[in-house]
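Participant: Residue numbers (the working numbering), protein chains in the order written: chain A, 1 to 377; chain B, 1 to 290.
In case anyone wonders, no lab produced these hints; they're calculated from the structure. Among the hints, a few may not be true.
In silico DSS-like cross-links for lysine-lysine, where the CA-CA straight-line distance does not exceed 25 angstroms [said to hold, decoys possible]:
{"id": "1", "chain 1": "B", "residue 1": "K177", "chain 2": "A", "residue 2": "K219"}
{"id": "2", "chain 1": "A", "residue 1": "K368", "chain 2": "A", "residue 2": "K322"}
{"id": "3", "chain 1": "A", "residue 1": "K365", "chain 2": "B", "residue 2": "K79"}
{"id": "4", "chain 1": "A", "residue 1": "K264", "chain 2": "B", "residue 2": "K126"}
{"id": "5", "chain 1": "A", "residue 1": "K209", "chain 2": "B", "residue 2": "K126"}
{"id": "6", "chain 1": "B", "residue 1": "K126", "chain 2": "A", "residue 2": "K217"}
Some but not every residue of chain B turned toward chain A, in silico, with C-beta under 8 angstroms [claimed, not checked]:
{"id": "7", "residue": "Q5"}
{"id": "8", "residue": "N8"}
{"id": "9", "residue": "A88"}
{"id": "10", "residue": "E115"}
{"id": "11", "residue": "N124"}
{"id": "12", "residue": "V127"}
{"id": "13", "residue": "S170"}
{"id": "14", "residue": "A211"}
{"id": "15", "residue": "V219"}
{"id": "16", "residue": "A254"}
{"id": "17", "residue": "I257"}
{"id": "18", "residue": "G260"}
C-beta: ideal position from N, C-alpha, C; glycine also.
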Amino acid sequence: MKRKALLSVLLVLIIIAATACNGGGDSASEIFIASANPMTGDSAQFGDMKVKAIELALDEINEEGGIDGKNVKLIVGDDTGNPKEAPNVAQKFAGDDKILAVIGHWNSSCTLAARGIYEAASLPVITDSVNKQITDGTTPHMYRISLTDTTQAYNLAQYAFNKLGKKNAAILFTANDFGTGLKNDFTDEFERLGGTIVASETYFEGQSKDFSPQLTKIKGQNPDVIFIAGYYVETALIAQQAGPIGLDVPMIGTEGISSEELIKLGGDAVEGIRFAAFFHPEVEFPGTKEFVEAFRSKYNKEPDNYAALAYDSTKLILEGIKQNGATRDGITSYLNDVEDFPGVAGPISFVDNDVTRNILILEVKNGKIDLADIQLD
Amino acid sequence: MFMEQLSNGIALGSIYALTAIGFTMVYGIIRLINFAHGDLYMIGAFLTYTGLTLFNMPIVPSFLFGMVGAAAFGIAIAKFAYSPVFKAPRINLFLSAIGIAIFLENFAMLIWGPETQSFPSVINNKVYSFIGIRISSLQLIILGSTIVLVGILTYVVQYTKLGRAMRCVSQDMDVSKLMGINTDRIVYLTFALGSGLGAAAGTLVGMYYKAVYPMMGFVPGLKAFIAAVIGGIGSIPGAMLGGLIMGISESLGAAYISSGYRDAIAFIILIIILLLKPEGLLGKGIKEKI
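Next up, chain B with everything else stripped away, as it sits in the complex (with noise of 0.2 angstroms):
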């Protein structure tokens, strides 16, 4: 049993970890804490969701289509909601995502309608077993493709031009403008680039449990954030370990204590990890000077 409990606890975990990525990667480098990014994962999957049933596209395409479609939506949201507020003091900008993430589930609601719509099944959920673990190939596939998003993410922040423009903004934004970068170009990547992460998780969860609603973002979102500050905000490796430390404690937690403190243990985890390492697990000490 602990070996079946410990693979739901990596699926559940790979699941997290990459609602994490892009939520990390948005406070890597704006500094915003984007409590907008479940409901983007929600417009993603929604979008998803429409492509495939409303215009009946195969899978990949309708994929990407929500990918876009959310990418866009995160332009907008930037454009409209967060750079009137850019200069203002950070708390200004906090709850303008606060805002903007109500402001969405009713738009969700308002389109698509409160209850429950139902993702069709396009890709054949086999299960495969071996030494006690049985994984599908669902939980595969979102495993997979969180490893692969991790290390192109991690690739293009730390190798390229691009990633080095980001990485300036993230440490200084006027002085970057001053070196010829165009910080709003960047910051509008960076959300477009974040939500398009956030809906690629939104759409395979959708796909995972067969289900797409407005309200499914709100937990998503709020697990991520702790997912993020356990492996370090602003660390992309770092969101997907904890991630999985999350998935895997919930699993084991709701097994072997009790399964109405599963969501208990995940925020104890959290507590504890900011007592000893309060930067997070692989998150780097920034020493303020005075």
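Extracted from the complex, chain A is given alone in its bound form (with noise of 0.2 angstroms):
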């Protein structure tokens, strides 16, 4: 009888132990950050290859024993892309005190139903949506690292303007917050330039399969230059579709096409379409090969723009921690103060939360990506 009540005892402080041992070892052995990207739904390759390239980035650091001998892992949220869905995990994310920085979200109108949130809980966020309102100083916590729209739209009616001759541009628009901004900015600016829109037509993200209407519309007023304002499963139907019509005239697009999936979808009838990104991976940056070979090794796949801006943000994230501990606030200001962090797609600083970097012109030749030959200057 005294033996048993003895086991019992014994059992219960080593269950006890067991509990506590691993509770402790949860928040002391490791550091968390996390991913809120769109993993199901139309944009979830986005938040895939952007997963992967944190993931990579995590082994590296996990493999070299990670920061102060903790491991560093990543928790994973799905926005669906759906801004409604947005705010729930920012909310899930913000109230764990254990996750120090997000990175995402993909879509600019989730990230910026979600801003608020991560604000109020000063949780810093890296994204890499386009929206210019994203970083319009209200959410000092929330950093952007690629280039806004309006940015791009600029120099993209620049480059149509100034260094192709083009003069009549059309538009094809995807009907939201990305593409109107960019039909706005790329208007205003090649009409500054003294160029003139002849026509601007509108499609629906995900919805449009048939462009013939619009394509023939175009076509009817003669411009020598089509700006496609949109995804790349969507421009590479348009792109299919205009030979069929008979408008052949050069194609011009934003980082929202910068992926191999345009050619896999498009075929030859991408052929020749430019542009904008900020990454290639023959464009060197300290660490840009080993990037693009670890990638290409552990997933089999070519890392796009998304992939390697995913790459930076969880190394500027991890930077912070090594530096100013692991606490939200410790990160905050090394993102502040951060000057020319040497990311795999170009030095990296922010000014007011936007970061500072060149525009790349890369082109479709030969079934490849490659740099355009005339660039951007």
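Using the hints, put the two chains back together into the complex; each one sits in its own frame.
Facilitator: Put into structure tokens, the structure is as follows:
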């Protein structure tokens, strides 16, 4: 009887010790960052690329023994690309004290919907959404690692007018914040330079599959260049359908179409399309080559724009933790002060929460994405 | 430009028509608005895609594989999702269909991944132009298959013993049973046929746009529903007419009114037709006896 009592006491002690050990282990030996990106739904492939790149960066640091002996782990949230879902994910992360920083969201509308929640919790966020309102000064914990839609549209308008010598542009834009913003900015800049916008037609992201009425209408206005303000799936379809209609003019687009998938979907039809981007494997900065090789060997895929930016975001956060300790405030103050951080897509500094970087012009040549011969100055 | 926009509209309309035929047939026989039809269309396209890329089959066997596979899906859905609630009020069946639609979309994301897959180009797409109309060989194939399928289906439903059994079931299931018709078999067969037709539409559309993705059935499912209602739901030639009307009005609307309103135009036509002729253009009004 006595032995039995002793045994049960011992057992209880063991259980307590085991759970205590576990609980202690979680917070003491691990650091958590989070990804809030679309993992399902129409934009799932972008979230997938970003998470792959983040995990690659985390694997690298964990193999080296982590930060101060602590492993860094990723918590993945799924905003489904839906601005109604994004605040839920944000709420979950903001309320979880062990999460130190967030990478995301991908869709501008999601970032806009969620940013107030992160701000209230002083949780630093690095996004690659392009809508210019995201960094309007009301959310100092929200950093943007890509350039705004406005900057891209201005640069592309200058490129088309000055570098390609085009005077009559047609615009085909997706009917959301992203596309409408691009259309307005491109129109302003192109007309300021002295060009004419001969046609502006719209379509619906993820729903429109048939572009023949828009393209036939555009053809009737005889443009010498078409600016496509949208993403790669639609751009591939537009390029394919332009041929049979007899519309044969150069097309330009934003980083929204910089993906290998553009070529997989568009085939020969997307040959010669030029677009803005922030990253290309051949534009080498310190670490670019190693990143591209590691990504290829781990996932058997080519890293794209978003993967490179997500990788750089992760490295920035990790560096912030290394220098200022594992706190939200530490990371924020690191991001405020960082100067020319050596990213794989170029050096990173933030001015008023926006990154300073150059735009590359890429072109589809012989079924591959290559640097265009003519670049912006 | 008018002729070009008209031919664009006919091409688009024949895609809607093709999707609407299977939809309207299932409604005609079982009185079920099958909201999973768009997703069977997607499953069919993905199965054909799998046949082409994974099993390296030529296009015709892959196409048949897609149709038969989707038909099997249709039977399984009828067996496990519809037949348990067949005797319950219609709303249960309807909800079950929506549930299946959500299930199929996520199932496809799990198996084939959420991203858009490029459909291999299997047919040399030549462009023919005459009297201002430009039409590609794929558009001709889609239009041709729609007409042929409408012809075959109309024949089956109107002139064969099987078709007569189908029409009996649509009128009164209990009496059909008393007359010695195996109603279960007819119901399953209807689903198999409807799903196979959906798969054919999905595959042709996948070929046409060279893209397949899990959400590809959602909008076509709705458009097929509208096309079927415009033409008179349950009427097979009506579905074809409804599809063409929608395609042409969308193209002309986008060209002469505004490209942002093209979907709205389809719905406005739906409302006008429902106001003027509630049973649809070719629908037969059923007088309810009190």
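Participant: Given the hinted pair K365(A) and K79(B), is their Cα-Cα distance within 25 angstroms?
Facilitator: violated, 51 angstroms
Participant: Would the pair K209(A) and K126(B) pass a check requiring their Cα atoms to be no farther apart than 25 angstroms?
Facilitator: Cα-Cα ~20 angstroms, so holds.
Participant: Taking the least C-beta to C-beta distance, is A88(B) closer than 8 angstroms to chain A?
Facilitator: violated, 31 angstroms
Participant: Take a quick look at whether K264(A) and K126(B) sit within 25 angstroms of each other, Cα to Cα.
Facilitator: holds, 20 angstroms
Participant: Would the stated hint for N124(B) survive a check requiring a Cβ distance to chain A of less than 8 angstroms?
Facilitator: Cβ of N124(B) sits 12 angstroms from chain A, so the hint is violated.
Participant: Go through the hint on V127(B) and say holds or violated, using the shortest Cβ distance to chain A against 8 angstroms.
Facilitator: holds, 5 angstroms
Participant: Minimum Cβ distance from G260(B) to chain A below 8 angstroms?
Facilitator: holds, 5 angstroms
Participant: Is the interface hint satisfied for A254(B)? The criterion is a beta-carbon contact with chain A at less than 8 angstroms.
Facilitator: Holds, about 4 angstroms.
Participant: Regarding the pair K126(B) and K217(A), is the alpha-carbon distance no greater than 25 angstroms?
Facilitator: Satisfied, since the Cα-Cα distance of roughly 22 angstroms is no more than 25 angstroms.
Participant: Is the interface hint for A211(B) satisfied, with its Cβ closer than 8 angstroms to some Cβ of chain A?
Facilitator: holds, 6 angstroms
Participant: Does Q5(B) hold up as a contact with chain A if the rule is Cβ-Cβ below 8 angstroms?
Facilitator: holds, 6 angstroms
Participant: Given the hinted pair K177(B) and K219(A), is their alpha-carbon gap at most 25 angstroms?
Facilitator: violated, 60 angstroms
Hints 1, 2, 3, 9, 11, 13, 17, counting from the list given before, are not met by this structure.
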